[in-house]
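2 protein chains.
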Amino acid sequence: MAHQTLAQRFSATLVEQITNGTYRVGERLPSLRECMRLHGYSKNTVINAYELLASQGLIEARHGQGFFVKTGTAKASEPEEPLPYARAMDTIWLMRQQFVREPGHSPLGEGFPPVEWLMDMRLDRFTRQIMRSGVTTLFRYGNRLGNAGLRQHLAQKLAGYAISVTPRQIVTTHGANHALDLIIRRFVAPGDCVLVEDPGYYPLFGKLQLQGARMLAVPRLADGPDLEVLKQWLKTEQPKLFFIQSVGHNPTGSDISPSKAHQLVQIAEEHQLILVDDDALADFKPTSAIKVSALDQLKRTLYVGSFSKSVSAALRVGFIAGNKEVIDELGDLKMLLHTSSSEFCERTVDVILEEGHFLRHLVRLQERLKLATAQGLHMLDEIGAEVFSRPEQSLYLWARFPQVDDARELTRRLLPKGFMIAPGHIFSPVQTQVNPWTRLNVAYLNDPQLKALFTP
Amino acid sequence: MAHQTLAQRFSATLVEQITNGTYRVGERLPSLRECMRLHGYSKNTVINAYELLASQGLIEARHGQGFFVKTGTAKASEPEEPLPYARAMDTIWLMRQQFVREPGHSPLGEGFPPVEWLMDMRLDRFTRQIMRSGVTTLFRYGNRLGNAGLRQHLAQKLAGYAISVTPRQIVTTHGANHALDLIIRRFVAPGDCVLVEDPGYYPLFGKLQLQGARMLAVPRLADGPDLEVLKQWLKTEQPKLFFIQSVGHNPTGSDISPSKAHQLVQIAEEHQLILVDDDALADFKPTSAIKVSALDQLKRTLYVGSFSKSVSAALRVGFIAGNKEVIDELGDLKMLLHTSSSEFCERTVDVILEEGHFLRHLVRLQERLKLATAQGLHMLDEIGAEVFSRPEQSLYLWARFPQVDDARELTRRLLPKGFMIAPGHIFSPVQTQVNPWTRLNVAYLNDPQLKALFTP
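Protein sequences, first through last, are from chains A and B.
First residue of the first sequence? That's 19 in my numbering, and the numbers climb one at a time after it.
First residue of the second sequence? That's 19 in my numbering, and the numbers climb one at a time after it.
Because the hints were derived from the structure by calculation, they are not lab data.
Values in this document were obtained by computation on a predicted structure and should not be read as measured data.
Just so you know, not all the hints are guaranteed correct.
The list treats identical chains as interchangeable, and a pair is accepted whether it falls inside one copy or across any two copies.
Once the Cα atoms are required to be at most 25 angstroms apart in a straight line, the calculated SDA-like pairs of lysine to any residue come out as [claimed, not checked]:
no.	residue 1	residue 2
1	K175	R431
2	K342	Q83
3	K253	L471
4	K88	R378
5	K278	E400
6	K278	G436
7	K253	A72
8	K175	V87
9	K388	Q74
10	K175	R27
11	K249	P434
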């Protein structure tokens, strides 16, 4: 790499961006002027890089319009290898899909919002403020519970949900998945049984399987978990934990109703059940949305939060809030297993929360989401799809396309047509069952090409 | 809570936020518009809530500017609570000590280099370069194996140790401890036996205990592990893994001899033993230092690396290198458990390695280390301490102070005098044994006050 010219380096970067789908076929590349400003390259460097790519047939100049991506099949330095067919469409398949963008494909089944929805937050603008809060600690391990300033902001954020905590009741994590992992390792021993929602958050199931837990499925209805089934399980088994999502449930996008939340907290109290309330999509919903963790005030609830989908997944910042004793134990466990979380990333989030852009950002994010949800629901109605729940704003919709009994078949049919959807069976703790549902990301739902596939 | 009006509920939330110090005196509260949009409250609800608080004298309206906090009892940031004495000086104690600095105390037992040794690397200077390699991916999850550019640099770094790998044989982690955790979870089931060095890296022991592994101790001698004891274990047990540190062994600071490294690789081949070569202190030693992973070319070795102690522990960037199949599995495991590592932090390290400051930084770091090691050894000689091994440069020295039979006693005696040392028993998988040794950080060893304590 030391022998490369700047132009070669820049062109290699562009190749990677074209390959990983950042720039799609037919898309205009940044202008010379933009490249010069953004990357600090000279005009010649940019021209040389673009000419190199044009000579390889990857991009083309259109007179007076700029450079455009011609083909998306550029050779990557390192393409992700295809998974063996046997493993296709299981948990690992869907998780890998989140990371690899097929050029030109619609990531309809993806769990992540479009980057354009996040980019009003300029991550590069905060360095000075990050440094201001102390340079030396940016070289050391962080506090085992996480950056103290950030935890103060998190307490403030939770107060906005009517959850009253001190910063001492919060431990930061490398995202919500790390939080779930720590909770599982603290509370679940091999052979233990654990309650989960069906459908539910599929990476959670993978973690529980890995720990050797037995999953007891509680059907998720449009207004929350099926409490009758829950009561049946509690008669015959002794589960210690119930993993739920009060708000913005993944995959159905549904929210728990106030009365169900109330009943659930009562049942949890009676049976000494710990509720793990995964609220990773909190920022996509109004703060007034009912959460079991707010009703219970974290007596029997562990609250899991994340900034991956509302700020940046590249920062890996999430957190757990709960009673002080449990948080203390989880803090020690985090330290023993992974030393500490990233002081650097946590201060970045701290600055973002402090500077106040965050609220404005959320307003924009939710406006976009509301529009996309309405348009998505409209489109699904038009093609005659059944929708599980009809939230006002939700990153996900859970839908059943007409004449579809097995969403695996539909997934196989749509993939070659450029649409990646997330088939329903993955979201069940019993992955072998035939499932007609699919999880759809509303950001990519309002697509005429998709509609055409379902219009006779 | 059900009997409260929405305005009362919202105002109670705000009171909580003001009293717990999350909104401070003089700070502006969110505007009506922001509250309406974010919390889903009506304009009247927000106005009623704010007027309620104003009537209580907690906030005030400033014309045309909004509402501001008038009084509050902002709390100071929380101090870490002392550990109960019963837990003093165990693994958790020593790990917590790494995070909490007593003002004026000498962190002689600390595992970390002084921040001054790292600060020539300005972490805030790289933002522009980090952005240059693609803004959009800074919002998304990273590749499951880690940033491709960084892995290319890591392959180059390993080539400098005569270890030949492709980037595809590397998976990045949140530091070396995350790497060890992933390896343990892939290869160690509860009840399995595992070989460890005694003394050895104590956070490793904690992780193995947590997984329910049985640790088989192999004494660490000044030239590497005691191969006779190793062979005895291999006669009676079937361990799958042996965790070692070829270079800069923690806590003894010793390096493996070439002949011992060679024999160890042969034994590992004969017994299908996987060697996990934790090389977290590689940057503190010459690249020419012998490593079992270089002799074996990662056939039976997993190499663990880290930038925590040579760049910044706040970035949490480490990695595992090994054969392609194992790395692939570890990549999937990492994804399943913790989704991805931080693209943001990994690009920062990538830029640091790319821009070439890194080598200069290491030269300075090792010069300082060499001087501190020589001075530390001299001081230990002067007070008549026994030194386990006498490396030319090592962050740690393993020493036995005169007339000390139990380093726990010494630790208790020195703490009130302002010296935190790391007592030897913590570094043994059998923590109950009386141990006269201590691990000393050479950066803090050349201290007249310390010397005076041991001079009659």
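Evaluated hints:
no.: 1; hint: K175 <-> R431; in the structure: neither (43 angstroms within a copy, 45 angstroms between copies)
no.: 2; hint: K342 <-> Q83; in the structure: neither (60 angstroms within a copy, 38 angstroms between copies)
no.: 3; hint: K253 <-> L471; in the structure: neither (47 angstroms within a copy, 66 angstroms between copies)
no.: 4; hint: K88 <-> R378; in the structure: between (37 angstroms within a copy, 24 angstroms between copies)
no.: 5; hint: K278 <-> E400; in the structure: neither (32 angstroms within a copy, 73 angstroms between copies)
no.: 6; hint: K278 <-> G436; in the structure: neither (40 angstroms within a copy, 56 angstroms between copies)
no.: 7; hint: K253 <-> A72; in the structure: neither (68 angstroms within a copy, 51 angstroms between copies)
no.: 8; hint: K175 <-> V87; in the structure: between (43 angstroms within a copy, 17 angstroms between copies)
no.: 9; hint: K388 <-> Q74; in the structure: neither (43 angstroms within a copy, 36 angstroms between copies)
no.: 10; hint: K175 <-> R27; in the structure: between (42 angstroms within a copy, 15 angstroms between copies)
no.: 11; hint: K249 <-> P434; in the structure: neither (44 angstroms within a copy, 56 angstroms between copies)
Consistency note: the structure conflicts with the earlier hints numbered 1, 2, 3, 5, 6, 7, 9 and 11.
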